[in-house]
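Student: Chains as they are written, first to last, in this note's numbering: chain A, 83 to 481; chain B, 83 to 481; chain C, 83 to 481; chain D, 83 to 481.
Since the hints were derived computationally from the structure, they do not count as laboratory data. Take these hints with a grain of salt, some might be off.
Copies of one chain are not kept apart here, so a pair can be met inside one copy or by any two copies together.
As the list claims (entries may be wrong) - Listed next, the in silico BS3-like pairs over lysine-lysine satisfying Cα-Cα at most 25 Å (straight line):
| # | residue 1 | residue 2 |
| --- | --- | --- |
| 1 | LYS349 | LYS235 |
| 2 | LYS235 | LYS318 |
| 3 | LYS295 | LYS306 |
| 4 | LYS306 | LYS235 |
| 5 | LYS315 | LYS151 |
| 6 | LYS151 | LYS207 |
| 7 | LYS315 | LYS295 |
| 8 | LYS295 | LYS235 |
| 9 | LYS151 | LYS228 |
| 10 | LYS306 | LYS349 |
| 11 | LYS133 | LYS108 |
| 12 | LYS108 | LYS87 |
| 13 | LYS295 | LYS151 |
| 14 | LYS108 | LYS315 |
| 15 | LYS228 | LYS295 |
| 16 | LYS87 | LYS306 |
| 17 | LYS318 | LYS87 |
| 18 | LYS315 | LYS349 |
In this text, all values refer to a predicted model and were calculated from it rather than measured experimentally.
Below are the chains, spelled out letter by letter.
Number of protein chains: 4
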Amino acid sequence: MGNNKELRIGLIGCGLMGRIHTNGYKRANDFFPELEYRPVLKAACSRSEEKVRAFAEQWGYESYETDWKVIIARDDINAVDICTPNDMHAEIAIAAAEAGKMILCEKPLARTLPEAQQMVEAIEKAGVANTVWYNYRRVPAVTLAKQIIDSGKLGRIFHYRANFLQDWTINADVPQGGTATWRLDAAAAGSGVTGDLLAHCIDTAMWLNGGIKDVSALTETFIKERVHQETGKVQKVGIDDACIFHCHFDNGALGLFEATRYARGHKALYTFEINGEHASIRWDLHDMNRLEYFDHADDSIVRGWRSIHVSDSDQPYMDRWWIPGTSIGYEHTFLHHVADFLKSLETGEPCSPNFREALETQKVCQAVLDSAADRSWKNTDVEWNKKQKAGQEPVLGEA
Amino acid sequence: MGNNKELRIGLIGCGLMGRIHTNGYKRANDFFPELEYRPVLKAACSRSEEKVRAFAEQWGYESYETDWKVIIARDDINAVDICTPNDMHAEIAIAAAEAGKMILCEKPLARTLPEAQQMVEAIEKAGVANTVWYNYRRVPAVTLAKQIIDSGKLGRIFHYRANFLQDWTINADVPQGGTATWRLDAAAAGSGVTGDLLAHCIDTAMWLNGGIKDVSALTETFIKERVHQETGKVQKVGIDDACIFHCHFDNGALGLFEATRYARGHKALYTFEINGEHASIRWDLHDMNRLEYFDHADDSIVRGWRSIHVSDSDQPYMDRWWIPGTSIGYEHTFLHHVADFLKSLETGEPCSPNFREALETQKVCQAVLDSAADRSWKNTDVEWNKKQKAGQEPVLGEA
Amino acid sequence: MGNNKELRIGLIGCGLMGRIHTNGYKRANDFFPELEYRPVLKAACSRSEEKVRAFAEQWGYESYETDWKVIIARDDINAVDICTPNDMHAEIAIAAAEAGKMILCEKPLARTLPEAQQMVEAIEKAGVANTVWYNYRRVPAVTLAKQIIDSGKLGRIFHYRANFLQDWTINADVPQGGTATWRLDAAAAGSGVTGDLLAHCIDTAMWLNGGIKDVSALTETFIKERVHQETGKVQKVGIDDACIFHCHFDNGALGLFEATRYARGHKALYTFEINGEHASIRWDLHDMNRLEYFDHADDSIVRGWRSIHVSDSDQPYMDRWWIPGTSIGYEHTFLHHVADFLKSLETGEPCSPNFREALETQKVCQAVLDSAADRSWKNTDVEWNKKQKAGQEPVLGEA
Amino acid sequence: MGNNKELRIGLIGCGLMGRIHTNGYKRANDFFPELEYRPVLKAACSRSEEKVRAFAEQWGYESYETDWKVIIARDDINAVDICTPNDMHAEIAIAAAEAGKMILCEKPLARTLPEAQQMVEAIEKAGVANTVWYNYRRVPAVTLAKQIIDSGKLGRIFHYRANFLQDWTINADVPQGGTATWRLDAAAAGSGVTGDLLAHCIDTAMWLNGGIKDVSALTETFIKERVHQETGKVQKVGIDDACIFHCHFDNGALGLFEATRYARGHKALYTFEINGEHASIRWDLHDMNRLEYFDHADDSIVRGWRSIHVSDSDQPYMDRWWIPGTSIGYEHTFLHHVADFLKSLETGEPCSPNFREALETQKVCQAVLDSAADRSWKNTDVEWNKKQKAGQEPVLGEA
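Model the full assembly from the supplied sequences, consistent with the hints where possible.
Tutor: Rendered as structure tokens:
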């Protein structure tokens, strides 16, 4: 059954996120050998036995289950990783918390704010270690942005803008519901781009720039009806295909956010830019190893945006990888998250973002959807403070 | 006194715009030799005699005046070019119209919607030729964007986003009021970035994508007080330092606009992007000779954003310039505007944008400011139609 | 001892390449589950017991050795991976071939052409499976370039240019010799940037564009003396710090190559561009997930270089990875190489580049160094033909 | 006849260069009003009366001629601008010098080194003011590069590389000879890309980095026969379609140069990069308002290539133009050259590059062609020294 330094994982959901988390579990100790804890792949779980058997075999899980409740009931499992569609997050997380399991939950935390609040209540009552997979914080270039901002180099912040642009649902033949396209089904997903894409943008934004105070939003559903995978019938589409909002941050900065799945030419263009009094930063996911940085303190005749290839060993996490000038990829953000979670078990510090922080992101998502629904400004009631920020620092791999 | 094919110009205001318009007048016939009309620099006008004398001498004006009313009264002048701060536009334009002069007016048309409406009324009553200097339509890359869109290549439009980012007022020591900084003085400018920068974005947007129906906006004044150049006293700043709005277009597309003078690192970054069902386009002023274009019809394995260096003779206006691969600059947009205006005098077609179209842009600006003021959505009452669009085509220099 | 579908690896050399190959061995079957063969980490080997013990423990090798001859003597090992400095390649490879082991050898094949010829002779006599780790062929964007070229889209080829620019040896305090800096020691490395960097460029170039016929080269050693790690004394530097050559390809194209470790600002900027009659391609390692492509067949007014983000499942190898728009990294090229090698064991086809092909690259390197030495053109005697090209195709993960 | 501060121009040759020089003459005083000298367009000259009449009318020349000897004989002309094909440069320049005219000659100075030497001899004997239109030195970004280099920021220089890539002659139907395509006719042009394109690269390179000592070159003529415009017959092509060379600079740097008209996708991509011990610079003509700069002295975690938009008033020449963030174009380089030439008449300093400096560029071109012809290294015998460099500084418009 292993020693008490094992993270004995029961993985629920074997899709893309199931694969990429598993990859992180298998590789983290290779690259962070100083970690005391080691993940052990105890069981994978999916409703389809055929699928989960193949998955478990491919990835080396010791066993598989088709009922997530069995995962929670098993004594040899001490951590549950929730990779299901959003509609299962709350039920599984609450049950896992009550069973005393550690919980690693895919984002967004829940479909709605009330669901999320129940989850936080349960998990805090249980006192179990927990984290939510907002993975983009652990792109080295993004972590570097955090370091630069925290160093004070930007000065007073005036603007934060972010967008997350995709184009994969433009075709009206893309169905809703089912395994591959549940993100278009409001019942399964809760919302469309707001929970799927903007939640990422909001998490990063508050991590970098503090709380979002109020929002004014606009949503649109461009294609009103789609075939539902499960019923086979054409049904009304309930999700937001696109969402735009502007906002105030607690620090007085203006925020501007947009997400869509109808931006032809963009596969997954998550970008953000932050403009401060003295310096500015921007980043985009398509060229994730680069950070753009402008420093007004440079000599005026040679002042310009710097394109930083974040691949030197004095840059966040990069002491673990290869050689300057070479790239890492999307999967590494999850591996870093695994490593930071394992480290948090040693130190007893929370692994940011935990459920409590993810709840704040959920508040903003809720306010955004509410604002769009009745065309008015909404307060978010976000509570974001220095203490939380302190708890959010990645704990490994930094200079 | 010249023949009746002369545009005998009285220029009012000798700042940056006075210079760049003059440059256009002097050079247009060199590059568009087929034009029947020729500008003649009759008189420049500015309140400072010292300044206007030097200006007239440098640029070759035949005479100068210090009272704009004299310009309008002079029989040897048949066209008035208004390059003053915004607070003089209405009075001069209305007087010039009543005197039967042709009018070329700097943007924005006016400080407020009511002012603009009076101007349009006067000019349409007088029936004089007129245009407003929204110069960015005549960047060859932007005109090419128009051609691509009008060809139908983009299909249904989902998104239009534009921003205009500057950083020149971050320093709190920049004053308001006076010759160089009247743009920070609400009395002179009417508004801040909304009239100065967003007006450009809105003009281009409606030209490319049709009318804007309703808006929800947010403005901010980051630095609340500045010294006023004229009084020497610290006074409240009345303009918007930054403005963000989202909107619906008549065609169902969502719009997203932002302008600021507090985006550290951006000198004059006017960018727009338009996402259609089949293709997308983006452009930015810092690299104005390039147009980015994505065509989903390309073979999937070699599909990507194309960076088009708009410098071939089959691209708009470029048959007038040098050789493929070489650039033209900011001033050329004004020169193209002059040429198109001269051509419009031959054809009798309006030179787009005329006052009537500029009024529609003013309606959006007004709705934006009103929306920001009371935190609610506003209808714009814009009337934009195919007929107007047809009248807006640049008439020269296209393939 | 495992079944006969196991690649039972003895790894000799535990530096950067030892780590990255090992990572490939451990992960290949996770992502290429259809492969019949599976790597097993039997033993790692390094002269330093302390180092090799830690390495074996971190990466999960079953055992370790400090004498490479023991690796070759062990019956439970059927494949030797040579990751030592270049001066050991020939001796180890020849011994391993004689012992009937499969061989995977780091590039360049050898220090000199005669060494390389002896190795090829030995390996072909032994008839063992073999490959050389020219990893850049298996960057998906580079493999896509190969597909585009082989499709005939470029037409007649006029130009091929490549460079590999680094800046890590500018500081005169960087020593030569020893574990980390043997690449500056002529005795260990054979040559400087020619064998280290240009060899990569040449391998890719001949794969994409066929044989190089003759060369004219220039080398330079900017810093003439450096401390030697082993002797502690300042000694003459024997390597080429920089190397430039131009050449003719068999197909009539002109080639231009440059490598240096003195290009301030470039960490590992390997770039190539190929210009054909109808289309052109370029790529660079710093943004390795992108391929630039220009197609003259595009409509003239919208013609431009396309920036292709190579991350869709119909692009080479990318069906194995994540989602469109997300990146993979440097290490994946080695993992692809492992997968292709394992596949080659199933099919019996050579895994390109094998020793025979790497010998052709070595011929070019030798001709380059000889040309620089006596300032004259040199023929390469490269034999590169269609048949070889056919054998070089990556066999997995392509559309 | 005007005062003695008039540059009374006789322009010989009315093609592209004739137009763009004329544009510079007409506009220089508008933007450099402090200049004492003023160009006056006395006469244009071309063999075709129809063509030259139209040209003179369009551009405002006072008169026209069809025999260049008349231009030289006219007393009312004191400056001759040579814009003919290369085969007329020597004869005209020598005659003009003997007649005591100032001379502004298009580049390259001559077809061959002996021709160039005769020209220099004649002009120095006559003691007339002279300059050669190597215009790229006066791109503000390139002049800024010069300032940065001269400030010592780069330290010891290791590498200089430049290329000039075009694609306009790939089509075999492009003829040789005649008005538009004389550049493909060896008799008219002297050489192909070497004199046309590499001459620019060499001029800039020596201005920035000092003399080129020796060269090893390769040329190619891809299309061996083309119709000749004048004879109507298919004739052997005598020019170099492409040329590559590497070299040593006097300061020990390695140089690498390439030019071609067969690089599909590049219209006029003149780029250079210079790598120094402490910093590097690169520039390309397609984005001519930008300069890329890397400074190793930046903090390591935020170090990257800066993209400088050279459009601020403290950057070279830009105090004369518009506002930060806006671009100027190709023609402005000629206008700056005119202004600097006019200024040189006031100061008595030579206007760089003069014939003497252009002769040094011609020496390198000759050595390159000779090297390619017999496949061996050639010394250039270039004499480039500090004194010459001092004389080359643009004298106007700098910070």
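Student: Which numbered hints are broken by the structure, listed smallest first?
Tutor: 2, 5, 7, 9, 13, 14, 16, 17 and 18
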